[in-house]
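A.B. asks: What follows is the residue order along each chain.
Number of protein chains: 6
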Amino acid sequence: MAGTVVRGITRADRDVTDTFAELGVATAHEAQGRTGLLAPYLNPIYAGASISGTAVTVSVPPGDNWMIHVAVEQCAEGDILVVAPTSRCDDGYFGELLATALAAHGVRGLVIEAGCRDVRELTRMGFPVWSRCVSAAGTVKETLGDVNLPLVCGGQLITPGDVIVADDDGVVVVPRLSAPAVLEASRARAAKEEASRQRYAAGEVSLDVSSMRERLAEKGLRYMDAS
Amino acid sequence: MAGTVVRGITRADRDVTDTFAELGVATAHEAQGRTGLLAPYLNPIYAGASISGTAVTVSVPPGDNWMIHVAVEQCAEGDILVVAPTSRCDDGYFGELLATALAAHGVRGLVIEAGCRDVRELTRMGFPVWSRCVSAAGTVKETLGDVNLPLVCGGQLITPGDVIVADDDGVVVVPRLSAPAVLEASRARAAKEEASRQRYAAGEVSLDVSSMRERLAEKGLRYMDAS
Amino acid sequence: MAGTVVRGITRADRDVTDTFAELGVATAHEAQGRTGLLAPYLNPIYAGASISGTAVTVSVPPGDNWMIHVAVEQCAEGDILVVAPTSRCDDGYFGELLATALAAHGVRGLVIEAGCRDVRELTRMGFPVWSRCVSAAGTVKETLGDVNLPLVCGGQLITPGDVIVADDDGVVVVPRLSAPAVLEASRARAAKEEASRQRYAAGEVSLDVSSMRERLAEKGLRYMDAS
Amino acid sequence: MAGTVVRGITRADRDVTDTFAELGVATAHEAQGRTGLLAPYLNPIYAGASISGTAVTVSVPPGDNWMIHVAVEQCAEGDILVVAPTSRCDDGYFGELLATALAAHGVRGLVIEAGCRDVRELTRMGFPVWSRCVSAAGTVKETLGDVNLPLVCGGQLITPGDVIVADDDGVVVVPRLSAPAVLEASRARAAKEEASRQRYAAGEVSLDVSSMRERLAEKGLRYMDAS
Amino acid sequence: MAGTVVRGITRADRDVTDTFAELGVATAHEAQGRTGLLAPYLNPIYAGASISGTAVTVSVPPGDNWMIHVAVEQCAEGDILVVAPTSRCDDGYFGELLATALAAHGVRGLVIEAGCRDVRELTRMGFPVWSRCVSAAGTVKETLGDVNLPLVCGGQLITPGDVIVADDDGVVVVPRLSAPAVLEASRARAAKEEASRQRYAAGEVSLDVSSMRERLAEKGLRYMDAS
Amino acid sequence: MAGTVVRGITRADRDVTDTFAELGVATAHEAQGRTGLLAPYLNPIYAGASISGTAVTVSVPPGDNWMIHVAVEQCAEGDILVVAPTSRCDDGYFGELLATALAAHGVRGLVIEAGCRDVRELTRMGFPVWSRCVSAAGTVKETLGDVNLPLVCGGQLITPGDVIVADDDGVVVVPRLSAPAVLEASRARAAKEEASRQRYAAGEVSLDVSSMRERLAEKGLRYMDAS
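Chains as they are written, first to last, in the working numbering: chain A, 139 to 365; chain B, 139 to 365; chain C, 139 to 365; chain D, 139 to 365; chain E, 139 to 365; chain F, 139 to 365.
It should be emphasised that the hints constitute simulated quantities derived from the structure, not laboratory data.
A couple of the hints might just be wrong.
The list treats identical chains as interchangeable, and a pair is accepted whether it falls inside one copy or across any two copies.
In silico DSBU-like links for lysine-lysine, alpha-carbon gap of 35 Å or less [unchecked claim]:
| hint | residue 1 | residue 2 |
| --- | --- | --- |
| 1 | K357 | K330 |
| 2 | K330 | K279 |
| 3 | K357 | K279 |
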């Protein structure tokens, strides 16, 4: 039965967590072996936000946002709230009042596999949200869910305290324990990409930069001229 | 059989109607008992528009926008055109020419459960549209529909003359006769939210502000510490 | 079997091709008899881009972007890359590194019936993309596809060298051989619309401007007054 | 505010209502001027059922089926229950226990814009359901809705007491007051179709049977031989 | 401009065409290099049908089935009608009357990227249809389309006279000229699969039957025991 | 990096596992507090199958079914294969040859968040599959995935060895360790439902059987007579 709130979760290291924002979602996803990416139907409500933080998770019934209210006081500076309904729901679970409360507790943003409202006010506040849709549909406060139990959001398992990275490309989760290694791999990847970028900008092609021609030929690639 | 145009509809009071824009979609939806919200797949073509007005309704066949042309002269200052196809259609029924004509008649915007085109020009004109999608697909002018009969748009019944409110959060309909009462309730709600906002900004949580703790405990909410 | 790269395709005339950008997608689509429009689920990753160019086509397996790398050196100044997976895939086949390489070869943008990533960087670079979704999901380089064979993208047949026009309203293909005639028809349509626009702005309605009233009456349109 | 149950609704005449089942959905929809058809995402859970009856309507919150329980005793012999959630929900609001209760009250089937479960048992019982999906997801009993107020289901306005017709082709609503006229028109259409069927079976084509050739030519239809 | 009917198309050889039905969609698709498969949203209206035939193509406007009537007399024994709307439409373009007419001309079935109605009657007649959805929504007869021009249906280019194969797994197109070679390859594949089937039934695994272990190891596959 | 096969997983007790099939998905889902239900887009390819078994999990890349081949020899009598792609894919990963191999190892069925083919043969074999869609689209064997690591399928976390129950209502997972308790609760629920069923069949309503009237009145339910 739902109705559990776990207090005092262990969070990923703050320094590690905070560095992911500048590296971005695509790099973190690639650096951990192309894993952890939430489904692409979770989109930012405004362009340009880029955050990383530690997950506080909330499981909610369809059309009922009570547990988000319960979750606020479990949040700490540097957290990102991750909310998933127990079955598909597009309702507007979240708006500027909850954002005001979360921001006062240091929360950096919200990832929700449901709807969000007050888009204009959230944009003005600079409180970023990644949601399934925008909807003003109101919710009730009748049924319990859970705070800080592991949950599935956007097709990925999120354990409280994991690192969440979100930007214009979507959302990725990095498990707490592997975060330092993924951070290091992300930096290595970013450095390598910078080198490639310069060669590409100079007109070189990846077939040469990454030595793909031989393997393509082995696979049977054939060139022909247009008639 | 389709093919009716109703002239001289009774519109909601102008003062009441116009005040809704600043209160917004979410507030009006909540204030009328969480009713009247159109489906969240109706999205604004550009961010930041916020309008309210009286509904002129147009029922159109799939792929045929003739009746929108018929509807133009039935519009008056302060109206919002509401268009729904008789079966799902994504075509671009509407573009800048029709917007120019509507704007010349004082129409404030369009809600259409279909496609819209000329997004750049509409944005430049400041003529807001809430649509199912953006599509340049052209339409024909062969088959009749109806103007100013009640219709269903985005899953809601819209009666001509009702109040339509639309902003970044979507679209809501407020029935003409209940509009004054809903306006009053909306203002009360906005005032109450302002009070809550200040307490949340100061770090209070809704569990206390709204006295939820006792009822949560009765429902069985249990707190436990992470191991 | 896949694995063909066609070199030296014949492209639509540059002057004809380049003029389409200012005329726009809706006009070109209408001017060629309401044909050629790609499906409305292909959306621009940022607003305001408007391009035209010649198609270089790439057919890719699901989750494998190898052939986009192969395609880069087949591109020339003024091309637009058109990519379609052999079955539905939302992965992020394309990002800023490939964009850097394509831009260095004079490519003006990308149309892809799949996902795209690095949205912020692509926006900053001014490299426009029309895609099915935004997704950071990484892809492999294991399986061949084809470059510059005809393919279906967004429900339309695209032959290499065809004209592609893309703006905020979506994407349209104009076959290479008919491009000059479509261009002429597009200009005629734009001129005619300008005349209509002025009459609409002055308050005239299309029922009169386009003499629709008689035919509407023949179809049985009937006016009645609200009771 | 939700929470109303209307008793003693006026139902369409029983003889008229019951005759629609054999005429079927497509015929009734055509006979009333191609109106009243519910959206095609409402599908039967098993093939071959064909019913007509009078609507008892239930508006339910997302994830909450309490009001269906409330509705049972408002049902009478020959009714069809029509259920719509106030926002999109795929949960399994309905199963064999409720079907047993409804069947005991003479209800002939269910139309629900949400999920349904116990498909095997419902099939065995011969209690047909047209639903958005099949889902075992359980629902709560916490929040009120309405019984026998007009509602929108599948994009159509349903007034309690209207005629509902449902078969393998979907669901159509026929307003109570127009039901006798629609029945007569349906019979006329069925008779006319029988005549056409025989001519088609003999190899005649509708171009001749319905004299379409001249009008097609006027529209510009042109025949050419394959080269 | 639409409005062309091409007569006297060249059809794939009858013997070759008719043999595909027993080989099935999956085998033909694989045998031609995993190409030609129509999108999986085209589903049979009843289970168990398996047909092959030559394509007669019909391009129709949204909500307008006039051209299907035009197409009937262009059909010959052994054809399959392939219909695609110029933009997405779910209407019920096709029912038992048209099926009666087509069957009288020897047509074996219909593939339509839109809706179909009269499911019960079509099932009884044994006239199979693969459609996007079932819908009773009626259509008009006002606007021209084309018969026997190449079109895109379910994401594949269909040229009139091509081989269409359809069964419970969906629909595949085999181009007319390559049909004999694909037929031969299909038979070879079916024979090879029969051999594998017997080994699998005896408990062997494909890792051995197809000698995959070495290549898996090279790719880095590693086995570990559950702790 | 993907590429792990875990051998010798611990499976839920066979007696407990096998008993779930007769209790069914809805009962198991309710009995474990309305948890564990996979998304309703996973549907059976034929009606009437009802199975329970222990999960063997396979994570596969989009368009690549190699790891299903790897998984076969990890299966044992009484298992159910659970397959999820790392990003959305509708391809036909699975058909009768793999089913033959799995059946020879005692596997009872397949749950796959992707496509399945050879529907007719699988139906004939009596090898049930719950899939996202039916598709004949072929897949490659180039990229590794994982066997018997926990994965998310249909929005639920599946740990190898968990109990899977699947029938016409969908699929539910019961965690291995809680399976005995859930079984007991399922039986209790089934017994209770049987008692209710008899009362409902006799015409009683749940408002009385479950004593709901008082609480409904407290919530504000009001009865009114139709005017």
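A.B. asks: Work down the list of hints and note, for each, if the structure agrees.
C.D. replies: Structure-based check of all given hints:
1. When the C-alpha separation of K357 and K330 is checked against a cutoff of 35 Å, the pair qualifies both within a copy, at 26 Å, and between copies, at 23 Å.
2. For the homomeric pair K330 and K279, the shortest alpha-carbon distance between copies (18 Å) is at most 35 Å, but the shortest distance inside one copy (50 Å) is not.
3. Proximity of K357 to K279 under the C-alpha cut-off of 35 Å is restricted to the inter-copy arrangement: shortest distance 11 Å between copies versus 59 Å within a copy.
Violated hints for the displayed structure: none, as all numbered hints are satisfied.
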